[in-house]
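Asks: Below, each chain spelled out in residue letters.
There are 2 protein chains.
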Amino acid sequence: MASTDARDKKTIGKLSKLAREVVRDINAEKDPSLSIPSRSLGNVTFDEARSIIELGDQKQQRQLFNVAHARKFMQTFLIADACRELIDEGKTTSIRDLYYITKHTLEGSRQNTFEDQDESDPIIEDLEVTIDALREELHLFATNKGSMVGPMTIVDSGDAIDLRRLGSGGWSIPSIVESNVIQFQECDAEYILLVEKDAVWRRLNEDKFWRANKCLLLTGQGMAPRGVRRLLYRMHKELKLPVYVLVDNDPWGFYIYSVIKQGSINLAYESLRMAVPKARFIGMSSMDREAFQLPDNVTIKLNDQDISRAKQMLAYPWFDKKAWQKELKTMLRSGVKLELEAFSNKGISYISEEYLPKKIRDRKWLA
Amino acid sequence: MASTDARDKKTIGKLSKLAREVVRDINAEKDPSLSIPSRSLGNVTFDEARSIIELGDQKQQRQLFNVAHARKFMQTFLIADACRELIDEGKTTSIRDLYYITKHTLEGSRQNTFEDQDESDPIIEDLEVTIDALREELHLFATNKGSMVGPMTIVDSGDAIDLRRLGSGGWSIPSIVESNVIQFQECDAEYILLVEKDAVWRRLNEDKFWRANKCLLLTGQGMAPRGVRRLLYRMHKELKLPVYVLVDNDPWGFYIYSVIKQGSINLAYESLRMAVPKARFIGMSSMDREAFQLPDNVTIKLNDQDISRAKQMLAYPWFDKKAWQKELKTMLRSGVKLELEAFSNKGISYISEEYLPKKIRDRKWLA
Chain X
174 MASTDARDKK TIGKLSKLAR EVVRDINAEK DPSLSIPSRS LGNVTFDEAR SIIELGDQKQ
234 QRQLFNVAHA RKFMQTFLIA DACRELIDEG KTTSIRDLYY ITKHTLEGSR QNTFEDQDES
294 DPIIEDLEVT IDALREELHL FATNKGSMVG PMTIVDSGDA IDLRRLGSGG WSIPSIVESN
354 VIQFQECDAE YILLVEKDAV WRRLNEDKFW RANKCLLLTG QGMAPRGVRR LLYRMHKELK
414 LPVYVLVDND PWGFYIYSVI KQGSINLAYE SLRMAVPKAR FIGMSSMDRE AFQLPDNVTI
474 KLNDQDISRA KQMLAYPWFD KKAWQKELKT MLRSGVKLEL EAFSNKGISY ISEEYLPKKI
534 RDRKWLA
Chain A
174 MASTDARDKK TIGKLSKLAR EVVRDINAEK DPSLSIPSRS LGNVTFDEAR SIIELGDQKQ
234 QRQLFNVAHA RKFMQTFLIA DACRELIDEG KTTSIRDLYY ITKHTLEGSR QNTFEDQDES
294 DPIIEDLEVT IDALREELHL FATNKGSMVG PMTIVDSGDA IDLRRLGSGG WSIPSIVESN
354 VIQFQECDAE YILLVEKDAV WRRLNEDKFW RANKCLLLTG QGMAPRGVRR LLYRMHKELK
414 LPVYVLVDND PWGFYIYSVI KQGSINLAYE SLRMAVPKAR FIGMSSMDRE AFQLPDNVTI
474 KLNDQDISRA KQMLAYPWFD KKAWQKELKT MLRSGVKLEL EAFSNKGISY ISEEYLPKKI
534 RDRKWLA
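Sequence lines, in order, name chains X and A.
Oh and the first sequence: position 337 is 510 in the working numbering, straight run, nothing missing.
Oh and the second sequence: position 20 is 193 in the working numbering, straight run, nothing missing.
To be clear, the hints were calculated from the coordinates, so they are not data collected in a lab.
Here a beta-carbon is modelled for each residue, glycine too, at the ideal position from N, C-alpha and C.
Hints should not be assumed to be uniformly reliable.
Across the chosen pairs, the derived CB separations fall in these ranges [claimed, not checked]:
#1 Asp493(A) x Asn470(X): 42 to 52 angstroms
#2 Gly508(X) x Gln284(A): 19 to 29 angstroms
#3 Trp425(A) x Thr503(X): 36 to 46 angstroms
#4 Pro450(A) x Lys381(X): 22 to 32 angstroms
Beyond 12 angstroms from chain A on every Cβ pair, some chain X residues (computed) [what the hints assert, rightly or not]:
#5 Val196
#6 Lys232
#7 Tyr364
To be clear about the criterion: a stretch of chain A counts as covered by chain X if any three or more of its residues have a C-beta under 8 angstroms from a C-beta of chain X, and this derived list gives those stretches [stated by the list, open to error]:
#8 309-319
#9 330-338
#10 344-353
Start from the sequences and build out the full structure, keeping to the hints where you can.
Replies: Below, the structure written as structure tokens:
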């Protein structure tokens, strides 16, 4: 990564402001304190107008001269200081690594700055919400997961990568995809297709579905990781492309779609920078079984967990739409779920040659 | 993938031979039967001379006119037939997909060819050992996992990919890496480095370790999947490059190394085409803690499972070497394990700038 650019300068500005405020408190002979947005469930709401899951306005105070707060207060600044150093050096690292970087035994004691990573991870999240910066802007990354191909060139850390010429493996999506690292060039795509399953992504890639259908083809290999979500968001906004999501016909698949669309409770504080409220559910729908005449023997019986998950979903405000209620009720009434691979029963390339083109042509998606 | 090439022709020949033998049995009025190498633990041995875990000579008979065998007999030919079709069409698929492709309800009955994937997966393994073909040669793939960068160009399904210019994400290693799909070009590397952890791989990639040290840098993201192991084997053999393995200092890390080196019990029948007996363990060694003066607070106490795993390993024939016995005993005596990230306590790029170059320069590896 190149050294400090505009975005990095902004993040450093936010980190410095945090420190300056504490210094100001001390100079004013006030107890130094931090005001941290609460990440508890009680502070998470669904914003109907924007159609995303968001963090509310509740804040908690963290004070230096409070025995219950002092340790966390110091830890927050240890993490902030380490992130500032990472940004200064133009380096990135994992949250595991950050734990090791900031772990020290306090001089003249047996006290460690952090006992284990369970202590440092929440402090990182506190810092993210407090200064309103993405983890990736603090130069921290999560595991690499997900692949992409399609009619576009990506510039990744200065290397131009033509996503049309990446063979069977595709481009491995990094977890940091901010605009200082990743830029988009020469895009001929007309839409974005996110596929839950790696195996289905590979089928579509082998069939060169993305070439015939002019789309950017991504997989998050299950629940999409932060990097894939953020990239999807950026491409949707900057390239003005619609997003289609293709998942299994089961409650987990619906949940994966809903996280793409309005965010999750755990990462409510990131929804504004990751959620794509206009994402379209292209399948697999409970109605597809009849529409595409799939045989009974490829269906799978819903288990108890599926049934209770589907019932919960009926009550979620973001599924409180006529089409989604019908979708969920049809699944519950049928008592079965279906995997995307079930289409292979009708021919190995049925999904790329028949199913997807027909669904998109007939505009059979849910929004 | 291109249509049938020499390797595909060979696999089709093996599949046809299997069918011809059954037809010959029938014409000779003999009970048709298949002779399948046994994959049970009792038939797995460690070949000291070749230093790999191998399948022995025990075979089991599967007969058509035996009530206990008939179902599996038919299933074997259903799978064989579907693989033959895949190869003919020049397509590849997942084992999940193959289950759906071959699942049918037998006419005039409620009997399914396969009830679930637990029934079809072992049949695939039977077929692999029976006709002596890799799963990948049957055009079946596993999950995409693992990345690579380095001074080499890869040709993947006809696309030339310069592994020097792939930014932060790297090339996503596919699970089928046979020579008809993947070819090597313009290699300037002097060795191969396989890193257990994705986060450490990213550190080394960000530091452009592979450029300064002329190596191909791979990660298998934990236990290396089949594609990564097979690619490693091919690069080691065809490019004549030594392989170094970098794992955590714990029994799981040692196990990951040992699978790369001599194969595993589960995949004993693949060792000959995947194991790299000359693979070198470059770290993290139990001796590194002292050699690189890591502080006590970055060590992690061995848990009961670690201790029993390490004790088991002391008795494994492939760890029955002086240096490995010392390695394992040092770990057990110290009572602690270490993660690769612990080096970050000495500086974020310590592992790329100090640790690895010194270990390789001083030839401090175990073979």
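Asks: Go check the stretch 309-319 of chain A versus chain X for me, would you? Three or more residues, Cβ under 8 angstroms, otherwise it fails.
Replies: holds (count 3)
Asks: Once the closest CB in chain A is found, is it more than 12 angstroms from tyrosine 364(X)?
Replies: The claim holds: tyrosine 364(X) sits with its nearest Cβ about 22 angstroms from chain A, beyond 12 angstroms.
Asks: Are glycine 508(X) and glutamine 284(A) spaced within 19 to 29 angstroms by their CB atoms?
Replies: This hint holds: roughly 22 angstroms between Cβ atoms.
Asks: Indicate whether the distance between the beta carbons of aspartate 493(A) and asparagine 470(X) respects the range 42 to 52 angstroms.
Replies: 51 angstroms, holds
Asks: Does the hinted range 22 to 32 angstroms hold for proline 450(A) and lysine 381(X) at CB?
Replies: 39 angstroms, violated
Asks: Mind verifying the non-interface call on valine 196(X)? Its CB should be farther than 12 angstroms from each CB in chain A.
Replies: Given a closest Cβ separation of 27 angstroms, the condition holds.
Asks: Take the stretch 344-353 of chain A, compare each residue's beta carbon with every beta carbon of chain X, and decide whether three or more fall closer than 8 angstroms.
Replies: n = 5 at 8 angstroms, threshold three: holds.
Asks: Take a look at whether the Cβ-Cβ distance between tryptophan 425(A) and threonine 503(X) falls inside 36 to 46 angstroms.
Replies: Holds - the Cβ-Cβ distance for tryptophan 425(A) and threonine 503(X), about 45 angstroms, lies within 36 to 46 angstroms.
Asks: Non-interface claim for lysine 232(X): all C-beta distances to chain A beyond 12 angstroms?
Replies: Holds, because the least Cβ-Cβ distance between lysine 232(X) and chain A comes to about 32 angstroms, which exceeds 12 angstroms.
Asks: Can you confirm whether chain X covers the stretch 330-338 of chain A, using C-beta to C-beta distances below 8 angstroms and requiring at least three such residues?
Replies: holds (count 6)
Checked against the numbered hints given earlier, the structure breaks only hint 4 and satisfies all the rest.
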